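Sequences and hints are given; from them, build the entire structure.
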Amino acid sequence: MTTAVLEATSVSKSFGQVHALSDVSLQIAAGETLGVIGPNGAGKSTLFGVLAGEHRASSGSVVLHGRDITGWNASRVARSGLGRTFQVPRVFTRLTAAQNVEVALVAARHRLGRMTDNLTHDRAMESAAAALLDRVGLASAAGIEAAHLGQGDRKLLELAMALGRGAHVLLLDEPTAGMGRGEARRLVEVVQDLRTVQPELAVLVTAHHMEVILALADRVVLLADGAVRVVGTPQDVAEHPETRRIYLGEDLL
Amino acid sequence: MDQLIEAVVSGLALAAPLFLGASGLAMIFGVMHTFDFSYGALFMYGAYLVVTILDGEAVGVLVFGAAVIGAALVVGAVAGFNEWLVFRRLAGREHITTMLGSFALLLVLTGIAATIWGPAGRTQAQTRQLDGSVTIGGAQVATYDLALIGVGAVVGVGMYVLMTRTRFGLEMRAVAHDRSTASALGVRSTAVGAGVFVVGGMLAGLAGGLSAPLYAITPELAAAFILQSFIVVVIGGLGSIPGAVVASLLLGTVNGFLVVFLPEFSDFGIYAVTALVLLVRPQGLFGLSEKVAA
Amino acid sequence: MTVTRAAWLRQAVEVCLVVLLPAAIISAIATDLGIYVWTTVVIYIIFAMGTNVLVGWSGATSFGQAAYFGTGAYAVALLRERELPNEVLLVLAVLASAVVALTLGILTLRAVGLRFGIITLVFGQLIYLVVFRNDGLGSETGLYPVARSTVLGQDVSDQRTFFWVVVSVLTIVAFVLRRMYQSSFGLTLAAMRDDPLRTVALGLPIRWLRLISFVLAGAVAGLAGGLFAQQQGSASPSMLSFALSGHIILICLLGGRFRFWGAAAGAIVFTWAEYHLRSLTDATDLYLGALLLVIVIAMPDGLAKLWDLTTVALRSRSRTSDRDEVSV
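Residue numbers (the working numbering), protein chains in the order written: chain L, 1 to 253; chain B, 254 to 547; chain S, 548 to 875.
Read the hints as simulated data drawn from the structure, not as lab findings. Predicted, not measured: the structure shown is a model, and the values here were computed from it. We put the beta carbon where it would ideally sit given N, CA and C, even for glycine. Be careful, since some hints might not be right.
What follows is a set of in silico ranges between Cβ atoms, one per label pair, in the way DEER data are often shown [to be verified]:
hint : chain 1 : residue 1 : chain 2 : residue 2 : range
1    : B       : A373      : L       : H148      : 52 to 58 Å
2    : L       : A227      : S       : R657      : 34 to 40 Å
3    : S       : D682      : L       : S58       : 54 to 60 Å
4    : L       : T116      : S       : S704      : 33 to 39 Å
5    : L       : R76       : S       : T858      : 41 to 47 Å
6    : S       : E687      : B       : Q382      : 36 to 42 Å
7    : S       : T858      : L       : A147      : 19 to 25 Å
8    : B       : A444      : L       : D23       : 48 to 54 Å
9    : S       : R657      : B       : A378      : 48 to 54 Å
Structural data, given as structure tokens:
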């Protein structure tokens, strides 16, 4: 059993009367891609929120690289090597794509950003940003203001930013949501390439499109009503009767 | 003891126009999610209109009342115009932008008043039957103060009925809560928004008209009033009308006490209290939570 | 590293050209009255550029910046008996306003957006009232006379000489701010302005960023205030007023808050407009208000839009690394 790089143990999260997560446990190892699926309201976003530090777990623990990060805020978790993309991509709209990545690089390098350096004329930073953009296929968009990028490109930009930040664990929240076939395929290819270029990268991905999960995930976790129902390889989970029951309603047999 | 009664009554009387003004402002905040500086100018117009209609002369209660109501209606119309001219165009923007726009509008409206009526102040003589004082429990209490408290109470009840028992009130609360959902449910948000401004404007005009016999009427009234209402709304809770009631009562009474017992500290004390409340409970006493006001 | 040194030089040259060249021209052709107004303009430029660190760079609109401007002015006025040289006087003014800014900055740290505007307004008013009511600080009339202290041992009370003192201060301030703007710190502020949530998700300490920019803005405002007290010969409560806080925001918006030199352009246009309006009409606020209204509704980027139209052809198509070129 490889040591887990990110491990959630018996995590529960309630918002008042709503029990969003009940006793959820999962592990993900370095180099592994874990898919998280489940119907709407299953708790996938809440799970991501708890892992990323946006929500505080009501009970249970989250361990990253062997350190207990339960209760850490989002900023601190991000600094510990966990990067995340949002379902509706969040980028810095008034900055260019290259500058977006530079922000991430700056964040990785200093805590605060130096007042005394000269970022605008920093060629090293420029090429580092360009390299990351190239890795996600956005090399041509470097000088374009993020506001002018489409959703698909913004998701790729978010990915580049997470990488620029130096994430070892990536949380991809519905990366292909709202995308057309071609864009979705492009993103999947980018993630697959990433895994070969950065083999230690652990990726947690949620998606509604089963094809994305099948293409990327080594293992899959099925969540429903805030609890883990099925765990296994994508194939196993796809064929599991529990999966069919959850997605299609009561067994028709 | 009689000083105490004086302080309380004058405090309540101060609270009445404060409340009238602040509840309109709170209403506007509830729907627009932003603070409207130009509201202060509406108050000023209320006072100016009354003094212009009555030419500063002392008149009977009925005439005075008619003048005040007339002023309120006109000011309501002005507010509606403002909504169409400025606020509607700033609808989708950041809240701070609308706040700046309203500040600009305040400057413009104040400037217009200065042009129409000149920088010199005007005064409105007290209404005949309401002049003088009454003795309560050994204390001299101005009759007009009692009248103000009465009007404040009536309007307060009226507002309550409007908010809870009418369709408009229901739509208003829907839009305040979630504009897009309300629209999706068939509420004409733009019309509701305009209506809120008009009603709010009428309240400001009413407060201004009623305050006409009390102060020197100059263009500076606008800034003075808006800062005052601002404090009430902030303490009571942005968007909350019950909050505005409680806060204006609180502030009116505190001010009443300060004026009687510690006059040098009145305005400073109020701001200090406000700062404290903001630090301890940023959304105010009854305020809506964070997400509304970001 | 040669690259860094070349960058320093380039920034220094840019600042000197933009500031000193026009200053020299103005100094040569302006009348005595004109020079007086221009001195005020330059002081407001300093104040505005400092304020823009909050309004433009960080996207945090504070309605109480006059508090720091006034603190600087009163600090200088309170020390007028001591006959300190300007080098010391201005440093003390900056320290005083920085301390006040630090205190209020910490208190207002949790507020954002509208709430931040409100709480800064309230605190600004509080400070105004404290000073207004304080006899030791001169109450309504303020403190006077405030003489112009020496600079490098020289007497600078002559208006034209004082103009150059103020211009020199602006040059230094502009250079420092220019470097900060183009540094990684400046970039993180821009990120925070665009999307605070995203900034946090990248692990940047957003509260520190906000606090630092708040103190920076306050310190620069204090410096401007200290100079203004010497320009006017007095320190009065109007230098702490809500009206001034409102005007300085208007200036930042007018010139284009997303551009580095926008605040400067705004200060020039505003101060001269106000000066001329005052002699033409009683209702200055009416026209200023109308101007602000037009800007807020139709031209959120202020005069920068005009600048864009005239320079777009001149700019090369090289890498747009300077944020000035990519604002909306």
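Right, here's what the structure says about each hint:
no.: 1; hint: A373(B) x H148(L): 52 to 58 Å; verdict: holds, 55 Å
no.: 2; hint: A227(L) x R657(S): 34 to 40 Å; verdict: holds, 35 Å
no.: 3; hint: D682(S) x S58(L): 54 to 60 Å; verdict: holds, 57 Å
no.: 4; hint: T116(L) x S704(S): 33 to 39 Å; verdict: holds, 37 Å
no.: 5; hint: R76(L) x T858(S): 41 to 47 Å; verdict: holds, 43 Å
no.: 6; hint: E687(S) x Q382(B): 36 to 42 Å; verdict: holds, 39 Å
no.: 7; hint: T858(S) x A147(L): 19 to 25 Å; verdict: holds, 21 Å
no.: 8; hint: A444(B) x D23(L): 48 to 54 Å; verdict: holds, 50 Å
no.: 9; hint: R657(S) x A378(B): 48 to 54 Å; verdict: holds, 49 Å
The earlier numbered hints are all upheld by this structure, with none contradicted.
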